[in-house]
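2 protein chains.
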Amino acid sequence: MAGSPEKRRQRASGSVPKAVISRLSLYLREIQLWERDGKETISSTQLGKLLGFTDAQVRKDFAYFGQFGYPGIGYRCTELTAAIRGILGTDRPWLVALVGCGNLVQALMGYRGFADRSFQIVAAFDSDPAKIGQTLAGRRIEPLASFREVASKLDIRMVLLAVPATVAQEVVDGLVASGVTGILNFAPVTLSLPRTVQVIGVDLAIELEQLAYAVEQSRS
Amino acid sequence: MAGSPEKRRQRASGSVPKAVISRLSLYLREIQLWERDGKETISSTQLGKLLGFTDAQVRKDFAYFGQFGYPGIGYRCTELTAAIRGILGTDRPWLVALVGCGNLVQALMGYRGFADRSFQIVAAFDSDPAKIGQTLAGRRIEPLASFREVASKLDIRMVLLAVPATVAQEVVDGLVASGVTGILNFAPVTLSLPRTVQVIGVDLAIELEQLAYAVEQSRS
DNA sequence: CTGTGTGAAATACTTCACAGCA
DNA sequence: TGCTGTGAAGTATTTCACACAG
Numbered sequence: 001m002a003g004s005p006e007k008r009r010q011r012a013s014g015s016v017p018k019a020v021i022s023r024l025s026l027y028l029r030e031i032q033l034w035e036r037d038g039k040e041t042i043s044s045t046q047l048g049k050l051l052g053f054t055d056a057q058v059r060k061d062f063a064y065f066g067q068f069g070y071p072g073i074g075y076r077c078t079e080l081t082a083a084i085r086g087i088l089g090t091d092r093p094w095l096v097a098l099v100g101c102g103n104l105v106q107a108l109m110g111y112r113g114f115a116d117r118s119f120q121i122v123a124a125f126d127s128d129p130a131k132i133g134q135t136l137a138g139r140r141i142e143p144l145a146s147f148r149e150v151a152s153k154l155d156i157r158m159v160l161l162a163v164p165a166t167v168a169q170e171v172v173d174g175l176v177a178s179g180v181t182g183i184l185n186f187a188p189v190t191l192s193l194p195r196t197v198q199v200i201g202v203d204l205a206i207e208l209e210q211l212a213y214a215v216e217q218s219r220s
Numbered sequence: 221m222a223g224s225p226e227k228r229r230q231r232a233s234g235s236v237p238k239a240v241i242s243r244l245s246l247y248l249r250e251i252q253l254w255e256r257d258g259k260e261t262i263s264s265t266q267l268g269k270l271l272g273f274t275d276a277q278v279r280k281d282f283a284y285f286g287q288f289g290y291p292g293i294g295y296r297c298t299e300l301t302a303a304i305r306g307i308l309g310t311d312r313p314w315l316v317a318l319v320g321c322g323n324l325v326q327a328l329m330g331y332r333g334f335a336d337r338s339f340q341i342v343a344a345f346d347s348d349p350a351k352i353g354q355t356l357a358g359r360r361i362e363p364l365a366s367f368r369e370v371a372s373k374l375d376i377r378m379v380l381l382a383v384p385a386t387v388a389q390e391v392v393d394g395l396v397a398s399g400v401t402g403i404l405n406f407a408p409v410t411l412s413l414p415r416t417v418q419v420i421g422v423d424l425a426i427e428l429e430q431l432a433y434a435v436e437q438s439r440s
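Keeping their order, the protein sequence lines are chains A and B.
Each step along the first sequence adds one to the number in our numbering, with nothing skipped, and position 210 is 210.
Each step along the second sequence adds one to the number in our numbering, with nothing skipped, and position 126 is 346.
Mixed in with the good hints, there may be bad ones.
What the hints assert, rightly or not - FRET-style restraints, in silico, Cβ to Cβ: (1) 134/A - 366/B: 36 to 46 Å; (2) 71/A - 348/B: 47 to 57 Å; (3) 139/A - 363/B: 49 to 59 Å; (4) 139/A - 330/B: 45 to 55 Å; (5) 103/A - 353/B: 19 to 29 Å.
No lab work stands behind these hints, which were simulated from the structure alone.
Remember, predicted model here, so these are calculated numbers, not experimental data.
In this text, a Cβ means the ideal position worked out from N, Cα and C, and glycines have one as well.
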């Protein structure tokens, strides 16, 4: 049925399961590869099979946000990717600052063209005097003490945090006071923050533990 | 009540919610920091507050695996961490190989002592002739072609995969044929694998998308 | 036919609330 | 009193199954 354009993206916001959102990113990644093979449409069954989900799950997930499909056809890739990007908010650019410019961040900068340019690195900070003045991701590394000033000038709201665990909370308190509302945290600690600030943590040790458990279980 | 020792770790295995397992790793990380402050016991309320969970959730999570607590006291940190490690399988060492030795893996090697030594890097592989012979994580980088031989000699079952997305599936097919049963995948693609092989994917772009969505939602 | 969208049914997971131990 | 362990109740999420569209 595919709904008229104005019917789409109704954003029943309050009630979207969190798990749906995490699948949305996977769908997006998969459809982009599918398109790269020259295919114009994809069905819920095909998309589900690629990711190990049921077709019903795929349809239900999209249904939270409107009607994107065409009965008998499936979903048009270009429409669907645009819709998903709109939902996630990655149809507009996000300005990101790097805080803590060690090896990890340096390595990540080369990685997957930084999410198709939705995320733009506009500044880099470190508190190590030896690093200040060096270049990372095309930006001069600034002293952390100047974060507030630079962030408010550039209107930075999102930060990639990769400082040592021992100082992460104290650094983050300063970031929040400077207006940051989103943090991707690579330090292996839980940050305590006001509810207005969103955090996603990435911890290699945790991922490995989860993998160990999964491997152990599967031998039964 | 704390159950007699032989009552513990009954592992009602089949029915443990997946979400419980992911919290177990968080509990472990938190309790270890708590212990480092010299505290010997922790209550479900205290642990929950640190992570933003309810006390009931914490108790229920542990209850899936037995009785670890002492009414009126809480949980003894050393006992609880040992129990969680036992459940996750990280009380024994895991031999891990690095496949793809680019910047990312090099950076990760310095990170959080590689999970308290449960995970030991025992070999490193790359298909780039320029990298072969170099040293990473104390190991000589070997040609990928020799993976099968080395892996079966050392009995390697777990791999940290960080090769370009375009070759990830083909590389992984070789790894699986060589007996690998657990893969931590840094390539931004979904791997297709037999059900006997476990994968956990880590994709920076996906984490950033999830963060963008969370930030956007919280402004309402 | 193929394939979407969606109520209704089935699961899965979380929170409540309280008995009982130290 | 302080805190665990746990059935029962309440929510959330997934799967089913089918009406309907191209």
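Hints, one by one, checked against the model:
1. 134/A - 366/B: 36 to 46 Å: For residue 366/B against residue 134/A, whose Cβ atoms are near 37 Å apart, the range 36 to 46 Å holds.
2. 71/A - 348/B: 47 to 57 Å: Since the Cβ atoms of residue 71/A and residue 348/B sit about 49 Å apart, the hinted range of 47 to 57 Å holds.
3. 139/A - 363/B: 49 to 59 Å: violated (37 Å)
4. 139/A - 330/B: 45 to 55 Å: Roughly 23 Å apart at Cβ, these two residues miss the hinted range, so it is violated.
5. 103/A - 353/B: 19 to 29 Å: holds (21 Å)
Going through the hint list in order, the structure does not satisfy hints 3 and 4.
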